[in-house]
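Participant: Build out the structure end to end from the sequences listed, making use of the hints.
Next come the chains, spelled out residue by residue.
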Amino acid sequence: MNFKLLLLAPFIMGASFLFAQGSISGNAESTFQYLNEDTVIGANQPPSKGLINSYMNVFYTNGNFKAGMRLESYLPRIQGYPNRFDGTGLGMRYVGYKNDFVDVTLGSFYEQFGTGLALRAYEDRALGYDNLLDGARVIVKPKPGIVVKGVYGYQRLSFESGRMVHGAGIVRGVDGELHLNEVLGNLKESDLDIVIGASFVSKYQRDDNSTLILPENVGSYGGRFQLMYKNFFLDGEYIHKGQDPSNDNNYIYNSGHASVFNLSYTKKGLGLLFSAKSVDNMSYRSDRTKDLQDVFINYLPALNKTHTYNLVATLYPYATQPVGEVAYQVDFLYTFKRKSKLGGKYGTTIGANFSTTYQPKMDASTINPNDSTGIAYTSTPFVMSDSLYWQDINFNITKKFNKKFSGILSYYNIQINNDVAKISNDAQGIINAHIGVVEMLYKIAPKHSIRAELQGLFVKPQKNGENDKGDWFTALVEYTVSPHYFFSFMNQYNYGNSDASKRVNYPIVTCGYIKESTRFTVSYGRQRAGLFCVGGVCRFVPANNGLTLSFTQSF
Amino acid sequence: MKTKFTILFCLAAGLLFAQETVKSLKQLPSVELKDLSGSLVNTAKMGFEGPVVISFWATWCSPCKKELNTIHDLYPDWQDETGVTLVAVSVDDEKTKRQVAVYSNGKAWDYEILLDPNGDFKRAMGVNNVPHTFLIDTDGNIVYSHNNYAPGDEDELYEEILKLSAK
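Which chain is which? The protein sequence lines are A and B, in order.
The first sequence begins at 1 in the working numbering and counts up by one.
The second sequence begins at 1 in the working numbering and counts up by one.
Hints are not guaranteed to be accurate.
According to the in silico footprint, chain B covers these stretches of chain A (three or more CB under 8 Å from chain B) [as the list claims (entries may be wrong)]:
1. 504 to 517
2. 547 to 555
Some but not every residue of chain A turned toward chain B, in silico, with C-beta under 7 Å [claimed, not checked]:
3. 25
4. 112
5. 195
6. 266
7. 268
8. 271
9. 443
10. 483
For the record, the hints were derived by calculation from the structure and aren't laboratory data.
Ideal placement from N, C-alpha and C gives every residue a C-beta, glycine not left out.
Facilitator: This is the structure we're talking about:
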């Protein structure tokens, strides 16, 4: 340390002392793995044997001033994370100023325009996903009911040698939203509530391709609305994207679109939702050469329910095909009233959900392959072919029998097109799985409970007898002592695998201790390889066998 | 690099030192979220009279739903006895955001529902994973928080609410 800095130190300490009048919050998280070699399930021991990911967020506000940072550390990163993540350092940092009129941020920030079809910068720790924008943002609220946002920055692509690495292209965008009932006086008392909005996003990346003339600036723009009338709610958004030849679309010069509409009717005891989505050539990244989860500017979630039971959630999950799809969903929930015939003493809830996704109709018949436009096909929003990508039909009943005992019964039928949404190396075409789950919860004493899940998954064989990995059975038992402890044991058994050497058990034991906002968990056992998905984004996690310790803390 | 670390260290040391002398309670951060009708709500200015419970949940989180369904049965009594308001903040993103109204109304919940689809409030509150429940006093200070849910946790939460309403 040099002499000047030594002199400066007390001033910095003093300055931060003054700052401390404000409020500090944040959280910390650390996950450690010690992995064994396990040839039966194909799990490898990494050369370092131990792996660890750690994070700490610190956010500071004082009056209108705000600042924050995240330190992260991969020594080296745990299994399933991008293997280029390494080192310790600042992964996110910002300063800003905010009052009722203006909110300005310099540095890293997360943002979403509308439903995210044009722009969404967000973080999902569980996936190792972080496409934050690093630059400047301003949000202005000129009067009640009006919000205008402007963003400008590079995206986070990676974290290497303890430093954030940016994507190649600059992203900039503006978004405006009007709540008409607040803006227009004569709508103030209206039963009809109206919100409208519009966005424009553009990216700039230098054309460094020697064979193609690529557009260096690619824009996307569109509008949205939201109407509410009594118990009805209708919203929608349409985004158009200009020519964007990229690795994802094989460098074609088609423009793209994404659109989503939702209509719902809800009242006490009843919920009903209908959704429709159309996507065509809508992969939008700030680097046209990237793939997988890298530097997406927009967010295209899959239109289906996010399942929670292990066999349903992780064996055959579906993520949106950004190249194109047309999808529909219906979601329904109804609670039979207490003391009614079907409701019983506590009320009974039934739920149903249906989702389906098809390939859009892409017509190449009018295209001359020798012309120089680079347009590969024509398509119309919401016009689909008969090629199925995904279908999910599921039902569940939740019932409380008495003060101590309650249960949930669920059934799922999932069909996934493994040629398009690649999920398994052991199957071709449509995988068709039926899944049944029984969950029971029994309260032994005021603070002691036991919970059990039995899950069975049955794959319907195709005409050639192929049935992917065959049938599975999962059992889980969990014992909790409120408010501090839990113990659980889970075993997954792939008893129906057509390859007898792969009829393997995957047992795992987990214990946890929780004190207010601090949580420790220890688990030991086998975990099968699978796709781990949150929202529309998935990450492949290889099979592993070993010890996992995790720690989380909020402050 | 060395210089950077020294500056950071001094800042941190100064902050820690100051925390020793100024007993500061953590205040609710100010984040704009939408409710189910699409109106903007500032989390620091929600304007409820009594104590407030903020519970982070999601439609895909089973323990979260167990916690909120359990409290749903107790809520009328809790409100009568303590004047508490429960704000259920959904961290569902655009994929499942529309299912929040289907679930919360289908279950006939009486809670205030806020949507946090991009995790802004979740991040500001230091939430690692859901469920995570906070108790806020009438001055907007966070006085208690609990991560996870096990049956019976609602009793501890209620004891903390009673402590506040006894003041």
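Participant: None of the hints should be skipped; say for each whether it holds.
Facilitator: These are the hints, each one checked on the structure:
no. : hint       : verdict
1   : 504 to 517 : holds (count 4)
2   : 547 to 555 : holds (count 4)
3   : 25         : 5 Å, holds
4   : 112        : 4 Å, holds
5   : 195        : 5 Å, holds
6   : 266        : 4 Å, holds
7   : 268        : 5 Å, holds
8   : 271        : 3 Å, holds
9   : 443        : 6 Å, holds
10  : 483        : 5 Å, holds
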